[in-house]
Amino acid sequence: MYTMITIGVDGAKRGWVYSIVERDRVLEIGFMEHFMFLGFPTLVDIPIGLPKKGERECDRLTRRILSKRAASVFTVPCRAAVYQESYEDALRVNRECQGKGFPVQFWHIVEKVREVDVFFRSYPDLSDQIRESHPELCFLRISSKMMESKHTREGLNQRIKILREHLVFDVENLQKICREHKIYIHDVLDSLVLALTQQFPLETIPENPPLDEHGLPMQIIVPARTQRSPNPG
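In this text, residue positions in the sequence shown follow the working numbering: the first is -16, and each later residue adds one.
Do not rely on the hints blindly, as some may be mistaken.
[To be verified] The calculated label-pair distances, taken between Cβ atoms and stated as ranges, are:
1) Glu79 with Arg6: 33 to 41 Å
2) Arg78 with Met(-13): 41 to 49 Å
3) Arg97 with Glu155: 30 to 38 Å
4) Arg78 with Glu155: 42 to 50 Å
5) Lys128 with Gly198: 34 to 42 Å
6) Glu131 with Phe20: 31 to 39 Å
7) Cys80 with Ser127: 35 to 43 Å
8) Ser105 with Glu79: 23 to 31 Å
9) Glu131 with Tyr66: 31 to 39 Å
10) Glu155 with His197: 25 to 33 Å
11) Leu10 with Asn140: 21 to 29 Å
12) Gln112 with Gly82: 31 to 39 Å
13) Lys36 with Arg97: 16 to 24 Å
[What the hints assert, rightly or not] The calculated DSS-like cross-link candidates involving lysine-lysine, where the alpha carbons are at most 25 Å apart (straight line), are:
14) Lys35 with Lys128
15) Lys36 with Lys83
16) Lys128 with Lys159
17) Lys159 with Lys144
18) Lys165 with Lys(-4)
19) Lys(-4) with Lys159
20) Lys51 with Lys83
These are computed hints drawn from the structure, not numbers from a lab.
Note that the Cβ used here is the ideal one computed from N, Cα and C, for glycine as well.
Input sequences plus hints: build the corresponding full structure.
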């Protein structure tokens, strides 16, 4: 039986999509312009903890697990690169501290990475309440099968099917929310699986995560490998 209120947050074009779940009920799906703590344990799909040099071990291990879906795990550049003013400058700095560049797709979300990083500077004690996760790996662990791309109809239907095995929600209502807030349905599904994930026994990747220079754990939280029914009440 599901036992607690949990929240999943996913980045969207103009802000953040969030889902709040209690037991098997979806209490709320909403949109917030700026990142904030909503009062309950939260998983968010955004890098938390930025390396000073080298690659984050959690990203490397997650790519290995995801195999053919490994491209969904961005290379997280070093902190100094994240705070550069241009992609070109960030590439130059990252080649100095990591020995390589990073995809422009990461640069498209860099403002959100900075927003969350600055948030934790103001609220460092929340690092045990708001933790990083990865929706693709959550879907894999919960379903024991690799999903097709979330940008395809088949991939969306697979995700909806898995979520409806654990949560009660109306797909038409999800579509209405998407139209209202001008967000993609795959962002809503990602936020739902992040909320659902916390109803299961959890695993930290890596098992003993290192801290970045500001004390933030460089980790990814996912359902444990040996899956069972959500936490008993």
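- Between Arg97 and Glu155, does the beta-carbon spacing fit 30 to 38 Å? holds (36 Å)
- Holds or violated: are the alpha carbons of Lys35 and Lys128 at most 25 Å from each other? violated (35 Å)
- Item | Verdict for Lys36, Arg97 (Cβ pair) under range 16 to 24 Å | This hint holds: roughly 19 Å between Cβ atoms.
- Straight-line alpha-carbon gap Lys36 to Lys83, limit 25 Å: With a Cα-Cα distance of about 11 Å, the restraint between Lys36 and Lys83 holds, given a limit of 25 Å.
- With 35 to 43 Å as the target window, see if Cys80 and Ser127 comply at their CB atoms. At roughly 38 Å between Cβ atoms, Ser127 and Cys80 fall inside 35 to 43 Å, so the hint holds.
- With a cut-off of 25 Å on the C-alpha distance, tell me whether Lys128 and Lys159 pass. violated (29 Å)
- Query: In this structure, is the beta-carbon distance linking Leu10 and Asn140 contained in 21 to 29 Å?
  - Reply: Between Leu10 and Asn140, where Cβ atoms are some 24 Å apart, the hint holds.
- Query: Regarding Glu79 and Arg6, is the given constraint of 33 to 41 Å on their beta-carbon distance met?
  - Reply: Once the Cβ atoms are compared, 50 Å apart, the range 33 to 41 Å for Arg6 and Glu79 is violated.
- Decide if the proposed pair is consistent with the structure: Lys159 and Lys144, CA atoms, cutoff 25 Å inclusive. Holds: Lys159 and Lys144 sit about 19 Å apart, inside 25 Å.
- Does the Cβ distance between Arg78 and Met(-13) fall inside 41 to 49 Å? The hint (41 to 49 Å, Cβ to Cβ) holds, given that Arg78 and Met(-13) are roughly 44 Å apart.
- Task: Could you see if the CB distance from Ser105 to Glu79 stays within 23 to 31 Å?
- Result: holds (29 Å)
- Between Glu155 and His197, does the C-beta distance stay in 25 to 33 Å? violated (43 Å)
Of the numbered hints given earlier, the model fails hints 1, 10, 14 and 16; all others are met.
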